Structures are given as structure tokens and as C-alpha cells.
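The listed protein sequences derive, respectively, from chains A and B.
Going by my numbering, the first sequence wraps up at 305, each residue one higher than the last.
Going by my numbering, the second sequence wraps up at 305, each residue one higher than the last.
No lab work stands behind these hints: they were computed from the structure.
No experiment lies behind these values; they were computed from the predicted model shown.
Don't take each hint at face value.
Note: identical chains are not told apart, hence a pair may lie in one copy or across any two.
[What the hints assert, rightly or not] Straight-line C-alpha distance at most 30 angstroms; calculated DSSO-like pairs for lysine-lysine:
| # | residue 1 | residue 2 |
| --- | --- | --- |
| 1 | Lys199 | Lys71 |
| 2 | Lys(-5) | Lys79 |
| 3 | Lys71 | Lys50 |
| 4 | Lys235 | Lys179 |
| 5 | Lys199 | Lys247 |
| 6 | Lys50 | Lys278 |
| 7 | Lys235 | Lys71 |
| 8 | Lys87 | Lys(-5) |
| 9 | Lys242 | Lys(-5) |
| 10 | Lys199 | Lys50 |
There are 2 protein chains.
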Amino acid sequence: MAQEKFSYVIIGVGGVGGFYGIRLANAGADVHFLLRSYAEYVKQHGLLLESPDGDIRIEKPQAYGAADEMPRCDVVCVCLKSTQNEQLKTILPAVVKPGGVVLVFQNGVGIEQEVSVIVPQAKVGGAACFLCSHKVEPGHVRHEDYGRVTFGAHSDGMEDVLARIAGDFSDAGIPVDTADDLRCVRWKKLMWNVPFNALTIILDTTTNKIMACGQTRQLCRNIMVELLEAGRAQGFDIGMGFADKMLDDTAKMTPYKPSMKLDFELGRPMELEYIYERPIAIARRAGKPMPRIETLCAQLQFLDERNRMDANRNC
Amino acid sequence: MAQEKFSYVIIGVGGVGGFYGIRLANAGADVHFLLRSYAEYVKQHGLLLESPDGDIRIEKPQAYGAADEMPRCDVVCVCLKSTQNEQLKTILPAVVKPGGVVLVFQNGVGIEQEVSVIVPQAKVGGAACFLCSHKVEPGHVRHEDYGRVTFGAHSDGMEDVLARIAGDFSDAGIPVDTADDLRCVRWKKLMWNVPFNALTIILDTTTNKIMACGQTRQLCRNIMVELLEAGRAQGFDIGMGFADKMLDDTAKMTPYKPSMKLDFELGRPMELEYIYERPIAIARRAGKPMPRIETLCAQLQFLDERNRMDANRNC
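Using the sequences provided together with the hints, build the complete structure.
The following block contains the structure:
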């Protein structure tokens, strides 16, 4: 007997939520998009994913302006900026089925724990995306490159349900895999985000220039070592080979501005809490402080504060 | 029987060399100024020190365009930017009397050692200045505030000669004292220069704003702790009370741009070698690495490199 198909909620239809949600809907999945003030616009104009793999248009998406208008679904994909996670306290209890799944598509650590507290009856997992994609305008997303997603369980006993979700993603043409240790996946993503988000912002530059300067390249490696050692103190070993390959790959990459840098340039708050502040606190508790990363974090907090003051002045 | 008066050479007539040299000359000391390409201009127009303590004009200074035109003197004051220290290899052997004294008025550590190698027959000491003063144009220096100088011996057996020099400075109305441990004096100056030079440049801001943000204020304190511990590992203890008083004083100071920030803004090379690179190497050798300061140094090296490339482009 075939199982009933999963229904999906996409919270946040930006570069990430738009890419995965539109691909799932296009493959025939039952996908519900939470779009807040843009819901009416998207109902009229539809959703559009531009991609080198072929453009996808969803003429009549299931679009909603508020969580309490939505049906409860099996799988809720959290694709907001983590600076807006305060909203999850009201959204998640309204949209996840009892016994359903919440998947966190955000960068950083500690979010799955918070989600488990908000919806204790749900199973919570994480999704780490390797994706270059951004929102052009409401409901219109441009995919540039990559797209792989790695799922990992935060709650116990969700291996089967994660495998079924992975099947839906795979059917939608999305490269997908699952990992045994979600913490290790999260910290591996920090290995790139922590040095390159910070240094492109603080030094107002792009990844290739950071890699072209011997001193900042070495700084990136030393930052990765701090994360590696903090990981080991928690019981998982990312391995220096991973860091060195990431450095080499970044040196070869086309010049890139991380999305946190785009946020900064647009005067938006930066996702410092889960990418910097939490890892710093976890590493300290594990007895392996990360002083280089603490330095970057303080610098980013200063810039974030100045950015907000400037934004207020412009009001 | 009265001792013969000391003769002085001032190398580098900027904010520091101008202030001390003009005051000494005004008090009747025999002072010789090395001015390179500006010598002829200064011979015609004289030297001018503007100061809240009263302006001083030296109509006919002893000004020279090259070291080999100068008489050998008893005391040579090194007041160049340390980025130009390569020049000392030719200047110092030409201007210091056998058995004379070279005093290093620059910030940072390791310079006295290098000077001792260049002129092994000279006695070498250091002078730490607390002075706000800058060059307005060739031969014209504006003194804003402070002026105290602290002398310390690098070579053995120079206490008496340092006391005589201190007497000359004191006679010229300059607040002066001497310290037992020159290294401790040098590292105390780093306590301010290392955090505030770096952060005003990297974050493009002023000292008061760094102190107004809780995270960067804490970062400054943590940087001072790194210097303090590196000092202890070398056998001297600056004490946390000194750091906390410095933080409080800086918070109360009028907004201030360190001279390294002015150099950066003018596209000039920054004095990274003796203020950052040498202390970092010394601390590593002493078994107390300073990872926060290493982070700042790599960032400054990146910015310095970019600044030089921009300067070349504008040629």
C-alpha cells in the first residue's frame, strides 16, 4: 500500500525557500508557501525560479499571508533569515501537524534546540544547503549554482521520515544526502561561513581577494582550526583535510559575496547569533575558546550596531 | 668643572621630532635637524612649533639635507616613521659620536636591538612619548596635547648619560622621567596602540565609538590581557589595573584618530612591523601566543597591501 504523500510548508520564500519549494511544487508535491505581505502579489503573479537548469514557473501557488490561514502540514521547512526567528514561536505551533517534522534550513548552530522547545511534539531536523541563489523580487528567485542539501536528525527516531523527505527532494531533481551527525554538518558549514562572511564584511572585499593575500588566507585557516578543535571537544572530528580542501576550493571559486555581506550592504541585520555568538558560547563551555572568532564577532557586532543606527537615522 | 653640553641630532622632523627638537633648540641646546629634501626650505623659512603652551619659532635652525653633511653628535634622536627604518643603516653610523647615544622615539618593540647592531659602539636607549602632535607642513609642527617622554636604557651602563639627557629635556620644559625596564615601557605603550590603532582603521571609526560599544570595549580589554600575559611570560608584569585605567581614560578622551589611522587614510604604509609583527613573534617564542592580535595584524596587512596597490594604480 502506497503511503500518503507528505504535505510541505515553506516559511520564507527567498533564495533558499524559493529554490527548494518551487522545485518540490513543480515535481507535484503539495507545497504551501507562507509569504506574509507578498501573498496577494504572488497569488496573482505566480512564482518563478530562474535557473541554469531551466526556469520553472508555478502559475497558481498555494500562497498564504498568515500562518493561521494555512493547513497543518507534515513537513515544515524553516527558510527565513535567522534574524527573524522570533516569529517561529507563533508560526510553528500553527502549521506543523502533531508528530510532524520541522526542518531548519538556516545556517548556524542551536536553532534546532530552540525549535524543539517551541514545538515539543514535532520531530526536528536540520538541512544544510550548498546553494547560490537569491530573491530578485517577491516570488521571483534566481538560482546561480549548486543546490545540494544534507539532512540530519536532531530528534531521535526520525531516520525513516528523513529518508522519505529526501526521496521527495530527489524526485524534484535536488541533489540530497543524509548525515549521521547533524552537529558535525552544522560545524562544517561554519568552517566556511565564519571566516568568509566576517572577512568580506569587515575588510569590504570578496572571497578571492582574501585568498590572494597570504596573511588573510592563513587567518582563515587558523579560524578553521579553532572550529575544528571546538568540534573535537564536543566529540566529532571534522578533519584538517576538509578545511584545506575548502580553502583550495574557495581560492578557485569565482569572486563571491556571501549573503551576510549582501545583508550588511543593504543595511539589514546580520545573522550573528547562530553563526557567531552561539558557537563561541558552545566552544567556551567545551573548554576550547575561539579567540580569533571572538575578535571577528565583536567587530561584526560593532558594524551591525552602526548599521542599525544609520538605518534609524535614514527613517 | 661643568661638563660640556651635549649636541643632538633629530632624525625626522614630524610631530615627534619637531616637538622635542624645537623645544630643545629653543632652550639653547645644540640641535641639528636632518630634513632631507626639505632642508633648503627650512633653512629659509625656519622651524615653527605651534602649541597651547606658546608658539616657538627657530629662525635659523641647523638644518641638513643628508647625514654625511652633519657633525657627529652626542645624542641621536630617531623620530622617523618606523616604516623608514631601512635608512638608519646609512644615517646612524654617520651621525653618532663614538660612545654616543642613540635614542629611539618610535613606537613598537625590537628597534633598539636593531640599532645596536647598526652602531655597536653606541649606547642605545628608548624614549616612549605621550604626545599628540603632527606635522602641518615641512618645518611646521602643531602640538595639541601632552608631551611627556619616558626614557629607558637598552644598553648597559647608561643610567648617568640618560639622566643628563633627561636634564636637558627638563630644562626645555618637557615633562620627563626614566624607567628601570625599557621592555615594560614599550609593552605598556603597545597596550594602547595595538587595540586602538587596529580597530580605528579596520572599523573606520574613532576611539570614543569603540569604547561606546560594549563588544568592542571588551575586545580591547581582551587584547590588553593578551599583551599582559605575553609580558608576564617575558618576566615583567604590567598589571590589569594599568589596562583598566587606560580603558577608562580612553573612554573619557575626546574622539581621537591615532597617527597610524591618519597614515592609512593618506595611503601611506602602516607601522605594522614593530607594533604588531614583532610583538606577535616575541609572544609566540615566549609560549604565550596572542591570537586576537594575530587576527588584527592579518586584517591590517590585508588593508596595507590593498592601500599600496591603490597607491600604485594612482601613479
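Verification of the hints:
1. Taking identical chains as interchangeable, the C-alpha atoms of Lys199 and Lys71 lie at most 30 angstroms apart whether they share a chain (27 angstroms) or sit on different chains (28 angstroms).
2. Taking CA atoms no more than 30 angstroms apart as the test, Lys(-5) paired with Lys79 passes inside one copy only; the shortest distance there is 27 angstroms, against 81 angstroms between copies.
3. Taking CA atoms no more than 30 angstroms apart as the test, Lys71 paired with Lys50 passes inside one copy only; the shortest distance there is 25 angstroms, against 68 angstroms between copies.
4. With identical chains, the CA atoms of Lys235 and Lys179 are at most 30 angstroms apart within one copy only, with a shortest distance of 13 angstroms there and 41 angstroms across copies.
5. Taking the shortest alpha-carbon separations for Lys199 and Lys247, both the intra-copy value of 11 angstroms and the inter-copy value of 27 angstroms come in at or below 30 angstroms.
6. Proximity of Lys50 and Lys278 under a CA criterion of 30 angstroms is satisfied in neither setting, with 51 angstroms inside one chain copy and 63 angstroms between copies.
7. In the homo-oligomer, the alpha carbons of Lys235 and Lys71 lie at most 30 angstroms apart inside one protomer (28 angstroms), although the nearest pairing across protomers, at 41 angstroms, exceeds that limit.
8. In the homo-oligomer, the alpha carbons of Lys87 and Lys(-5) lie at most 30 angstroms apart inside one protomer (14 angstroms), although the nearest pairing across protomers, at 93 angstroms, exceeds that limit.
9. Taking the shortest alpha-carbon separations for Lys242 and Lys(-5), neither the intra-copy value of 41 angstroms nor the inter-copy value of 66 angstroms comes in at or below 30 angstroms.
10. In this assembly of identical chains, Lys199 and Lys50 lie within 30 angstroms of each other by CA distance neither inside one copy nor across copies; the values are 44 angstroms within and 51 angstroms between.
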